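> If you want the building blocks of each chain, they are given just below.
There are 2 protein chains.
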Amino acid sequence: MTTARRDTYTPETLLSVAVQVFNQRGYDGTSMEHLSRAAGISKSSIYHHVSGKEDLLRRAVSRALDGLFAILEEPGAREGRPVDILEHVVRRMVEVLISELPYVTLLLRVRGNTATERWALERRRDFDHRVAELLKAAAADGDVRADVEMRLVTRLVFGMINSIVEWYRPDARGATGREVADAVVRLVFSGLRGD
Amino acid sequence: MTTARRDTYTPETLLSVAVQVFNQRGYDGTSMEHLSRAAGISKSSIYHHVSGKEDLLRRAVSRALDGLFAILEEPGAREGRPVDILEHVVRRMVEVLISELPYVTLLLRVRGNTATERWALERRRDFDHRVAELLKAAAADGDVRADVEMRLVTRLVFGMINSIVEWYRPDARGATGREVADAVVRLVFSGLRGD
Numbered sequence: 001m002t003t004a005r006r007d008t009y010t011p012e013t014l015l016s017v018a019v020q021v022f023n024q025r026g027y028d029g030t031s032m033e034h035l036s037r038a039a040g041i042s043k044s045s046i047y048h049h050v051s052g053k054e055d056l057l058r059r060a061v062s063r064a065l066d067g068l069f070a071i072l073e074e075p076g077a078r079e080g081r082p083v084d085i086l087e088h089v090v091r092r093m094v095e096v097l098i099s100e101l102p103y104v105t106l107l108l109r110v111r112g113n114t115a116t117e118r119w120a121l122e123r124r125r126d127f128d129h130r131v132a133e134l135l136k137a138a139a140a141d142g143d144v145r146a147d148v149e150m151r152l153v154t155r156l157v158f159g160m161i162n163s164i165v166e167w168y169r170p171d172a173r174g175a176t177g178r179e180v181a182d183a184v185v186r187l188v189f190s191g192l193r194g195d
Numbered sequence: 001m002t003t004a005r006r007d008t009y010t011p012e013t014l015l016s017v018a019v020q021v022f023n024q025r026g027y028d029g030t031s032m033e034h035l036s037r038a039a040g041i042s043k044s045s046i047y048h049h050v051s052g053k054e055d056l057l058r059r060a061v062s063r064a065l066d067g068l069f070a071i072l073e074e075p076g077a078r079e080g081r082p083v084d085i086l087e088h089v090v091r092r093m094v095e096v097l098i099s100e101l102p103y104v105t106l107l108l109r110v111r112g113n114t115a116t117e118r119w120a121l122e123r124r125r126d127f128d129h130r131v132a133e134l135l136k137a138a139a140a141d142g143d144v145r146a147d148v149e150m151r152l153v154t155r156l157v158f159g160m161i162n163s164i165v166e167w168y169r170p171d172a173r174g175a176t177g178r179e180v181a182d183a184v185v186r187l188v189f190s191g192l193r194g195d
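As they're listed, the protein sequences go chains A and B.
First residue of the first sequence: 1, per this note's numbering; consecutive thereafter.
First residue of the second sequence: 1, per this note's numbering; consecutive thereafter.
Just so you know, the hints here were simulated from the structure itself, not pulled from any lab data.
Be aware that a few hints might be false.
Quick list of the computed label-pair ranges, beta carbon to beta carbon [stated by the list, open to error]:
1. Tyr47(A) <-> Thr10(B): 52 to 60 Å
2. His129(B) <-> Gln24(A): 22 to 30 Å
3. His34(B) <-> Ala70(A): 41 to 49 Å
4. Arg173(B) <-> Ser44(A): 52 to 60 Å
5. Gly26(B) <-> Glu33(A): 21 to 29 Å
6. Gly29(A) <-> Ser51(B): 37 to 45 Å
7. Thr10(B) <-> Gln24(A): 38 to 46 Å
8. Gly26(B) <-> Glu149(A): 27 to 35 Å
9. Asn113(A) <-> Arg169(B): 37 to 45 Å
When the alpha-carbon atoms are kept at most 20 Å apart in a straight line, the in silico SDA-like pairs for lysine to any residue are as follows [what the hints assert, rightly or not]:
10. Lys136(B) <-> Gly174(A)
11. Lys136(A) <-> Lys53(B)
12. Lys43(B) <-> Gly29(B)
13. Lys136(A) <-> Arg193(B)
14. Lys43(B) <-> Lys136(A)
15. Lys136(B) <-> Arg186(A)
16. Lys136(B) <-> Lys136(A)
17. Lys136(A) <-> Ser190(B)
18. Lys136(A) <-> Arg186(B)
19. Lys136(B) <-> Ala175(A)
20. Lys136(A) <-> Ala183(B)
21. Lys136(A) <-> Glu179(B)
22. Lys136(B) <-> Glu79(A)
23. Lys136(B) <-> Glu179(A)
24. Lys136(B) <-> Ser190(A)
25. Lys136(A) <-> Gly174(B)
26. Lys53(B) <-> Thr114(B)
27. Lys136(A) <-> Glu79(A)
28. Lys43(B) <-> Thr13(B)
29. Lys136(A) <-> Ala175(B)
Note that the structure is a prediction, hence the values are computed from the model and not measured.
A virtual CB, placed ideally from N, CA and C, is assigned to each residue, including glycine.
My request is simple: use the sequences and hints to build the entire structure.
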């Protein structure tokens, strides 16, 4: 005998369950049945909150994307030399990635099979482009080294930051978001050999 | 009517077909039937060359692992200060990753569901450990910055290097392995702001 849990979900709390299932099974591999089992409520209860699986995906990746785009509106991203703005943005990207870990993880795994996924990829590309523009402006100022191609640098820096979702686990003994952000900023801007 | 291609494979050429299929479908999602179709020869012809799917996986990840471990035997990895050895190893890791791209891609996606996968993960951990030891030795010499935790640095540098498999495509207009290796070494050791 199974007892259905009483539906005390809001769209937000339902979202956190859905994101976990999406990250475990992959979005394509997740059915409404899987979501219903993980949440412990019926499919029709889920439809009471959201219009379906793609609606949940849209809300989840929006949370990640809104967190990333909000960085560009912060004072530290609006004033100063491009290289310093870039440093602020890199630091905050790491912090947002860690504070919104499951949502950003999902965003980074989006494939492009549905309209929502293609929309998310498009917004991700917009964000990456904004960061690449900052890097170009810093290079034009002579504030970053000129002996590495900027497209390569963008790829490598995003590669380093995005790889954090593969190993970072929030846990009392591990590094905090701030410590990881410090490490990334020091490594990316000053390198291992130091200032 | 289908015409079976004449079996002119060697274990090595069969391997390159298998690795492509593994990378596309995932190792778990690949059957001997998929391999037989991709190679255009019968399953029994495949069994003539190798003992099965797991044998192909073992050969493929061995090729990647042997390439990585061979770096540690190179003269540049055996003499000099640890920080310079580390720089040599990082450069060569990028070059090997790019010259053996499909094999390293497969290695990085191994999950651990079979004995062969667990063996591959174990050897990968050995390799990562050897690199982490070099970093520690360089830190003990005072040759790398002391204000970032070495475990974090190891994760981030491997994250940057391993992310290359996600975007690097060998193509006449793109960066060569050497250019990507130069960019990684400059970024990791001297940082964006330059020497």
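> Let me make sure I understand: some of the numbered hints might not hold for this structure. Which ones are they, in numerical order?
6, 9, 11, 14, 16 and 22
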